[in-house]
Amino acid sequence: MITVTDLVKEYRTKRRFVRALDGVSLTVPQGTIHGIIGHSGAGKSTLVRCLAMLDRPTSGSIVIQDQDLTKATDANLRRARRRIGLVFQHANLFDSRTVVSNVAYPLEIAGEPKAQRMERARELLSLVGLSDAAEVYPSQLSGGMRQRVGIARALAVDPDVLLFDEPTSALDPRTTDEILELILKLRRPDLATIVITHEMHVVKKICDSVSLLEHGSIVESGPLTEVVSRLDGRLSQMLLGIPPHEDDVPGTLVDVLSRGAQANQPVVAHTSRLVGAELAIIAGSVEHLAGTTFSHLRIAVPEGTDARVVVEKLKEQGADAALTSELEEVVVP
Amino acid sequence: MDAITPQMWGAIWDGLLETLQMVGISGVFTVLFGLPLGIALFTFNSLGFTGRVVNTVLGVLVNITRSFPYAILMVSLIPLTKILVGTSIGPIAASVSLTIAAVPFFARLVETALRDVHSGKTDAAFAMGSSRMQVIRKVWLPEAMPTLIAAVTTTIVTIVGYSAMAGLIGGGGLGRLAYNYGYQRFIPEVMVVTIVILIILVQLIQLVGDRLSRVVDHR
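Heads up: the protein sequence lines correspond to chains A and B, in order. According to the numbering used here, the first sequence holds residues 3 to 335 in order. According to the numbering used here, the second sequence holds residues 205 to 423 in order.
If we strip away everything but chain A, and leave its shape as in the complex, we get (with noise of 0.2 Å):
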């Protein structure tokens, strides 16, 4: 379990005053993957800094199984790091290092005997897939397979923390989903995965829980199926979001949220039938999260009936509805 709590960076540059990290507050249980979305500016890489202690925080706690790494001594900190293994978005390999040189490097650092080390290394590179690039060095993989190396090397440390920056921002679509299989792969009882990211689809895959970080703090928080849920909600907006449809759409627009069971129903026709009148689906999106279906949808009811009353009615079925004028329009990049 890693507790981060009122976490908070200042920098003091010549003139300016910056407050990176304004008071971020986070707990992941060991077993799960938590993911932290944020577009560019808001924080992310200097969240990753201090949770992994390259930046010392100015203050709050990182409480990882009952140790508060900001309390840790300049003697005490290389060790309280290594409950921290961290993957970069460019895997940031040794290049005069073979690939099984670079896993070992953990254990060669804390003492460990070469031959122990290396066996370990290559347990390690079997785990992520790959036995027979044990002896090549980094420049010869592709992205993909570097990203890998850096995951096996992070795990040696045996980390209690497994801390994903931007894993796979700079690999392509296929690559991107055989690394997040990798992650999904690797999740243990005892080990708490955070994955910073930008990339909806990262969330969408992998993630038992989801934060949004804006502005160095964290407005909004949960469980992937609850924060969906919300139709209000900016992380509901950003992951189920309705896609670009027309502007001039007669009648009045309403937006329809169902989850599990009621998803695949014809909640939408059978309240066409209630009201007598006919409801255009307008555009939508479905997705099958954490093994529950979502679907959001945006309905044009017609002029002549009361869109309230539609919406009513839509609740009345066990679905989510309001009126789209009536929600928070957010803009997703």
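Take these hints with a grain of salt, some might be off.
[Stated by the list, open to error] DSSO-like, lysine-lysine: derived pairs with alpha carbons at most 27 Å apart:
#1 A:K317 with A:K206
#2 B:K342 with A:K116
#3 A:K73 with B:K286
#4 B:K286 with A:K116
#5 A:K187 with A:K206
[Unchecked claim] Covered stretches of chain A (in silico footprint by chain B; criterion: 3 or more residues with CB under 8 Å from a CB of chain B, positions within the stretch not fixed):
#6 75-84
#7 87-93
#8 104-112
[Unchecked claim] Which residues of chain A face chain B? A few of them, derived with a C-beta cut under 8 Å, are:
#9 A54
#10 L56
#11 F96
#12 D97
#13 S98
#14 Y139
#15 S141
#16 V159
Hints listed in this document are in silico derivations from the structure and should not be mistaken for laboratory results. Just so it is clear, CB atoms sit at the ideal spot from N, CA and C, and this is done for glycine as well.
Once you have looked at the hints, place chain B on chain A.
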């Protein structure tokens, strides 16, 4: 070539050996002193306020030494040379001023080579729990090795050039030979042979340096 007597060929051979001796001794000492100085220049910069002060002091010292024209430096170092090796004449004496001239030059090249190591690698090394010494020994130096070897090559070639100048004030070697026979006694053939030998020497050093650099380059 008839103008060159067998005795002169003998002198050329001796001159070459003296040049190699000067370049060899000062090359070894330059790396021995310049490498730690270059690492210090690079490291102290990232160690907070005190570090930056040390870095500035080292940087000023390096710049002062580098602003001296070599000819002036070697003359002004004659007293120090006498204290260190007991004489100011001969290739060993010349090595003192050659080393002092080359160390700051090499240290700057080392600093640049280390700065070129991607900061992400340093982050990765520290995140895995490396100590500062381990980062220097196991990450910075191996990762910068191809550039460092190129830096050694450039430095040795520079020392060859300086050593010819050192020859003029008693250092010996091919420089003195070219000056004595070619200029003072006006036997241009000796000068031509000397220059050809120096060209071949520099080419060889560069060739070996490039090869070595390529062997350790896995980027």
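These are the hints, each one checked on the structure:
no., hint, verdict
1, A:K317 with A:K206, "holds, 26 Å"
2, B:K342 with A:K116, "holds, 15 Å"
3, A:K73 with B:K286, "violated, 56 Å"
4, B:K286 with A:K116, "violated, 50 Å"
5, A:K187 with A:K206, "holds, 16 Å"
6, 75-84, "holds (count 4)"
7, 87-93, "holds (count 3)"
8, 104-112, "holds (count 5)"
9, A54, "holds, 5 Å"
10, L56, "holds, 6 Å"
11, F96, "holds, 6 Å"
12, D97, "holds, 5 Å"
13, S98, "holds, 4 Å"
14, Y139, "holds, 4 Å"
15, S141, "holds, 6 Å"
16, V159, "holds, 6 Å"
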